[in-house]
Amino acid sequence: MVDEQIILSAQQVNLWFGSKQILKNIDISFAKNSVTALIGPSGCGKSTLLRSFNRMHDLSPDARVEGQFLLDKQNLYAKDMSVTQLRRRVGMVFQKANPFPKSIYENINYGLKINGVPKSERDAIIEGALKESYIWDEVKDELNKPATRLSGGQQQRLCIARTVALRPEVILMDEPCSALDPLSTLKIEELIIKLKKDYTIIIVTHNMQQAQRVADKTVFMYMGEIIESGNTHDIFNNPNKELTNNYVKGKFG
Amino acid sequence: MKRLSPFIEWGTLLFCTGIVCFFLFVILYDIISRGAPSLSWEFVSSQPTNGMTKGGILPAILGTVLVTLTTAAVATPFGISCAIYLNEYAVDSWLTRLTRACIRNLSGVPSIIYGLFGLALFVQGLKMGTSLLSAGFTLGLLSLPYIITTTEEALRRIPASTREAALAVGATQFESIRDVVLPTALPGILTGVVLTLSRAAGETAPIMFTGVAFYINSPAGYLNQEFMSLPYHLYMLSTQHQSIEVVRPLAYGTALVLILVVFLLNITAFYIRYKHSKNGG
Ligand SMILES: Nc1ncnc2c1ncn2[C@@H]1O[C@H](COP(=O)(O)OP(=O)(O)O)[C@@H](O)[C@H]1O
Ligand SMILES: [Mg+2]
Chain A
1 MVDEQIILSA
11 QQVNLWFGSK
21 QILKNIDISF
31 AKNSVTALIG
41 PSGCGKSTLL
51 RSFNRMHDLS
61 PDARVEGQFL
71 LDKQNLYAKD
81 MSVTQLRRRV
91 GMVFQKANPF
101 PKSIYENINY
111 GLKINGVPKS
121 ERDAIIEGAL
131 KESYIWDEVK
141 DELNKPATRL
151 SGGQQQRLCI
161 ARTVALRPEV
171 ILMDEPCSAL
181 DPLSTLKIEE
191 LIIKLKKDYT
201 IIIVTHNMQQ
211 AQRVADKTVF
221 MYMGEIIESG
231 NTHDIFNNPN
241 KELTNNYVKG
251 KFG
Chain B
254 MKRLSPFIEW
264 GTLLFCTGIV
274 CFFLFVILYD
284 IISRGAPSLS
294 WEFVSSQPTN
304 GMTKGGILPA
314 ILGTVLVTLT
324 TAAVATPFGI
334 SCAIYLNEYA
344 VDSWLTRLTR
354 ACIRNLSGVP
364 SIIYGLFGLA
374 LFVQGLKMGT
384 SLLSAGFTLG
394 LLSLPYIITT
404 TEEALRRIPA
414 STREAALAVG
424 ATQFESIRDV
434 VLPTALPGIL
444 TGVVLTLSRA
454 AGETAPIMFT
464 GVAFYINSPA
474 GYLNQEFMSL
484 PYHLYMLSTQ
494 HQSIEVVRPL
504 AYGTALVLIL
514 VVFLLNITAF
524 YIRYKHSKNG
534 G
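Note that the protein sequences, when read in sequence, are chains A and B.
If you're matching positions, the first sequence starts at 1 in our numbering and goes up one per residue.
If you're matching positions, the second sequence starts at 254 in our numbering and goes up one per residue.
Do not take every clue at face value.
[Claimed, not checked] With the C-beta cut set under 8 Å, the calculated list includes, among others, these residues of chain B facing chain A:
no.: 1; residue: Leu292
no.: 2; residue: Glu295
no.: 3; residue: Asn340
no.: 4; residue: Val344
no.: 5; residue: Thr415
no.: 6; residue: Val422
no.: 7; residue: Ala424
no.: 8; residue: Glu428
[What the hints assert, rightly or not] Cut-off 25 Å, straight-line C-alpha distance, at most; resulting in silico cross-link-like pairs (DSS-like, lysine-lysine):
no.: 9; chain 1: A; residue 1: Lys32; chain 2: A; residue 2: Lys119
no.: 10; chain 1: A; residue 1: Lys145; chain 2: B; residue 2: Lys528
no.: 11; chain 1: A; residue 1: Lys32; chain 2: A; residue 2: Lys197
no.: 12; chain 1: A; residue 1: Lys119; chain 2: A; residue 2: Lys131
no.: 13; chain 1: A; residue 1: Lys102; chain 2: B; residue 2: Lys528
no.: 14; chain 1: A; residue 1: Lys197; chain 2: A; residue 2: Lys187
Hints are computed from structural coordinates only; laboratory data are not their basis.
These figures come from a predicted structure and were not determined experimentally.
We put the beta carbon where it would ideally sit given N, CA and C, even for glycine.
Please model the complete structure; the sequences and the hints are all you need to start from.
Put into structure tokens, the structure is as follows:
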């Protein structure tokens, strides 16, 4: 095994919503420029775990997070960590494409603006991000069109463009293809594999084939715990645990 | 029996709709047919003369427009801010629940009570006298609960994923509200505001003790003086005038103008909503 540089890690993570414990003793780390798939039955806590990496739980008053999260050796939940800075460094793509109800251009421009990117640099960044997300050719003539008029797959790629425009270190994706048709799904998967060159990607997916197509590492979760993690090929072909085997063979889910 | 029941359901609904439309139509027909003859350029552009039996209702139109604008200036910023706080920032505690219950109850308080309260607070307490400003503030208080409730409903319709989209690119909660949530909710908020204002424009009781007058000598438009208004003018012409029969056509004319003003406000709300739904906003 070659030397891997760990960019993001979480140790001994426990998370509660009210009195209900959702995540139990999670230990996980992500290597730079890798794609990791989080799989597991609905309600096992995949989204919850993902959202703890960009502190999306900060606004839920009944969420309590415990554990040590490190992004490039910096503690994510430290008092002096700016949450807005953190979210720029750890971007997120959601299950249902959620472009701002603004123009295509403005969708990307907004993040740049609030992060203080000078106006003169923005046009080039926006074009670059749209190209990087393989949507430029489809939208270059109508950048002022409302983003909500795009198709579902285009909207999702726009959301990815919005994220990469900020040059994050890590991109979190929560079932980004679950609402898309097979063709759009394929485009996004190709995109994910290309993005790996510059970013570290963590993707939640319900689609076993998708995990095998895009992910280097796969993590299997069950009832708030990590049951098994390792190379995607191993998890799907000779897992150590019976539970993992049953899940990836589609015996439950 | 099975085959008959959809017909009965459909028939009942149609019947109820018909009844409602029928009454609306009768009222409109009555007012328009009797009010239209008095309507003229002179009627909407001149002062009343000869003890209200001749002339126009310009001061009443101006008064109603100005008092409604004052109401808007008072109620809109406070109402919207309050709704933003309640829906976006306040945590779900007994205090928030109590506040919401109070607001709901306030919208059920009869408008005459607001009139008395305005008299005590603005006219006497704050020494603003019976004036357009006092009346506007009183109507503002009356409108607040409606504006808060409709704004909160508009904000609640914005899905969490829209807010999270802004947070995820590094916006603060305030930036997310200012730049994404509010603009998205704006058509709903404005519709609520305009409909509330159109209701306030037609109120009589709250302004009766706080600033409205049957007749003013001076030109209309001073915020610190008494003013004439359409609903009160109509009330006086149809019940308090010494020669009611003579001024009846003028009363109908006033009613028609009042309805037109309110209708104009409603059209505005409709237009805002239409324009935004077309823009996919
Ligand atoms: N904001 C919340 N408040 C309370 N419970 C929640 C909240 N979000 C998620 N949960 C609960 O946490 C559990 C895990 O949810 P989630 O992480 O969304 O699962 P997954 O993404 O794996 O399907 C579920 O039982 C869900 O009901
Ligand atoms: Mg989920």
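These are the hints, each one checked on the structure:
1. Leu292: At about 42 Å, which exceeds the 8 Å cut-off, the nearest Cβ of chain A leaves the hint on Leu292(B) violated.
2. Glu295: With a minimum Cβ separation of about 48 Å from chain A (threshold 8 Å), the hint on Glu295(B) is violated.
3. Asn340: Hint violated; Asn340(B) Cβ to chain A Cβ min 13 Å, cut 8 Å.
4. Val344: holds (5 Å)
5. Thr415: holds (6 Å)
6. Val422: holds (3 Å)
7. Ala424: holds (5 Å)
8. Glu428: Check passed: Cβ of Glu428(B) comes within 6 Å of chain A, closer than 8 Å.
9. Lys32(A) - Lys119(A): violated (31 Å)
10. Lys145(A) - Lys528(B): The given pair, whose Cα atoms are some 15 Å apart, holds under the 25 Å limit.
11. Lys32(A) - Lys197(A): Judged against 25 Å, a Cα distance of about 9 Å means the pair holds.
12. Lys119(A) - Lys131(A): holds (19 Å)
13. Lys102(A) - Lys528(B): Holds, at about 15 Å.
14. Lys197(A) - Lys187(A): Measuring from Cα to Cα gives roughly 17 Å; hence the hint holds.
Checked against the numbered hints given earlier, this structure breaks hints 1, 2, 3, 9; the rest are met.
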